[in-house]
Amino acid sequence: MLNLRVLLIGEEAAGVQTLRMLAGGPHTLVGVMASPAKAGGLSPSVWTVARALGQTTWPAELVKDAGFAARVKSNAVDLILNVHSLYLIDGEILRAPTIGSFNLHPAPLPRYAGLNSVSWAIYHGETVYGVTIHEMVPGIDAGPIAYQTLFPIEPSDNGFNVSAKCIHEGFELCRRLLADASCSPHAIPRMPQDLTQRSYFGRAVPAGGLLSWSAPARSVVNFVRACDFYPFTSAWGNPWTSMAGRKLAVCSASLTGESCLAPPGTVRRSGNDLQVATADEWVVLRRISIDGRFLDPAYVIKSGDRFGVVPAAA
Amino acid sequence: MITNSMKATEESIIALLLKEVNVEVPSPETDLLETGVLDSLKLAELLSHLESRFGTRISVEDLEVDNFRSISRMAAFLQRRATARSASPGE
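Residue numbers (the numbering used here), protein chains in the order written: chain A, 1 to 314; chain B, 1 to 91.
Bear in mind the hints are in silico, worked out from the structure with no lab data behind them. Treat the hints with care, as some may be off.
Not close to chain A: a few residues of chain B, all C-beta gaps over 10 Å, as computed [unchecked claim]:
no. : residue
1   : Ile14
2   : Glu29
3   : Asp39
4   : Lys42
Chain A stretches covered by chain B per the calculated footprint, using a threshold of three residues with CB under 8 Å from any CB of chain B [unchecked claim]:
no. : stretch
5   : 12-21
6   : 106-113
7   : 158-170
Here are some chain B residues pointing at chain A (derived, C-beta under 7 Å) [as the list claims (entries may be wrong)]:
no. : residue
8   : Met6
9   : Glu11
10  : Pro26
11  : Ser27
12  : Thr30
13  : Leu33
14  : Ala44
Nothing here was measured: the structure is a model prediction, and the numbers come from that model. Even glycine gets a Cβ: it sits at the ideal position worked out from N, Cα and C.
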């Protein structure tokens, strides 16, 4: 088994878990590239943890600088592993390691390349999702696939727990990459992506974040689920609606399966639940926020109220 | 001073961490955040289990990092919540 010299470029919880695996494992962690720590946040960053573990750190932004390739070569890096870092890495740096540069992407490539993949998948009502490790080429998320795992998205899943599944499954894929690479570089699979099947998504939020009660209930709930990363915030925020000129964010909602004839946006009480009419069914409103404060809907909304309605997208 | 109640809370949290989040902690005083033993995902998962186990809602406003830096700090936080609840039984 080869002792690999690995350069980790990482962020977020996935980056922290990968860092700890590499720091405690048999391979040499040459260094860690991450965003230097900012104050606040729920837990320490990759940068902070790397420093606490005594690792060499470089600002992740340096991956844009072709000159950093010389440092990769002088450190005899075998493998670059990119985990949840969004910087585009210069081609010279990608080519610098002796074995290759690999990216863990939280999506079943070639589908859902780009940004906020988990949210887009839930928004589109996907029931099967996955995570991929691919070799990095200059195109975004376009390189040959080394490993991929698929798993179901359940109707009750939201952005948080699908992301958690991606992190858990992705961690195991990283283990496989390291195991194969340490046997032989040729043991790493490299299957070209069928780019005719590629879907790519950028930063834009669907409908500017506006929730349309005129849409089918399933679409409404999918949008809410796609943005639900509680206790974290999603890159999309939460979808919003309005009532009496006031903007409310819908943070959690669920299907009832009960058809409705009321005008979309109409509110009614059913037992302990507040429900809102959509194009076809009532939807339970579970949690809202106003001006950044989470609230029980029952405190601010009552039966007979009506949310602002916009036409559903074609 | 560590009371029996606090110790029992600490032991419950240690057991939860091991069983539900797959994290083994050497002592109640270990800093779980500094070296990433608890990353943001595992912390969020732990919070969900703490809510269920201790029958309390941990709101976003409660999520001060220092409340969850070690087992002993989590236990102290939960004890404070329990004391506040019993002082205001109507809430």
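Cross-check of the supplied hints:
Look at isoleucine 14 of chain B: its CB is around 19 Å from the nearest CB on chain A, clear of 10 Å, so calling it non-interface holds up. For glutamate 29 of chain B, the condition that its CB be more than 10 Å from all CB atoms of chain A holds, with the nearest at approximately 16 Å. Here aspartate 39 of chain B does not stay apart from chain A, with its beta-carbon only about 4 Å from theirs, under the 10 Å limit. Residue placement check: lysine 42 of chain B does not keep its beta carbon more than 10 Å from all beta carbons of chain A (closest about 7 Å).
Coverage of the stretch 12-21 of chain A by chain B holds in this model, with 7 residues showing a Cβ closer than 8 Å to a Cβ of that chain against a need of three. Interface restraint, the stretch 106-113 of chain A with chain B: violated (0 residues with C-beta to C-beta distance below 8 Å; minimum three). With a cut-off of 8 Å between beta carbons, the stretch 158-170 of chain A has 4 residues touching chain B; three or more are needed, and the interface restraint holds. The beta carbon of methionine 6 of chain B comes no nearer than 24 Å to any beta carbon in chain A, farther than 7 Å, and the hint placing it at the interface is violated.
Interface hint at glutamate 11 of chain B: violated, since its Cβ lies 23 Å from the closest Cβ of chain A, which is beyond the 7 Å cut-off. With its C-beta approaching chain A no nearer than about 14 Å, proline 26 of chain B sits outside the 7 Å limit, and its interface hint is violated. Interface restraint check for serine 27 of chain B: the shortest CB-CB distance to chain A comes to about 17 Å, outside 7 Å, so the restraint is violated. At about 13 Å, the closest approach between the beta carbon of threonine 30 of chain B and any beta carbon in chain A exceeds 7 Å, and the interface hint on this residue is violated.
At about 5 Å, the closest approach between the beta carbon of leucine 33 of chain B and any beta carbon in chain A falls short of 7 Å, and the interface hint on this residue holds. With a cut of 7 Å, the hint placing alanine 44 of chain B at the interface with chain A holds, because the nearest CB-to-CB distance is about 6 Å.
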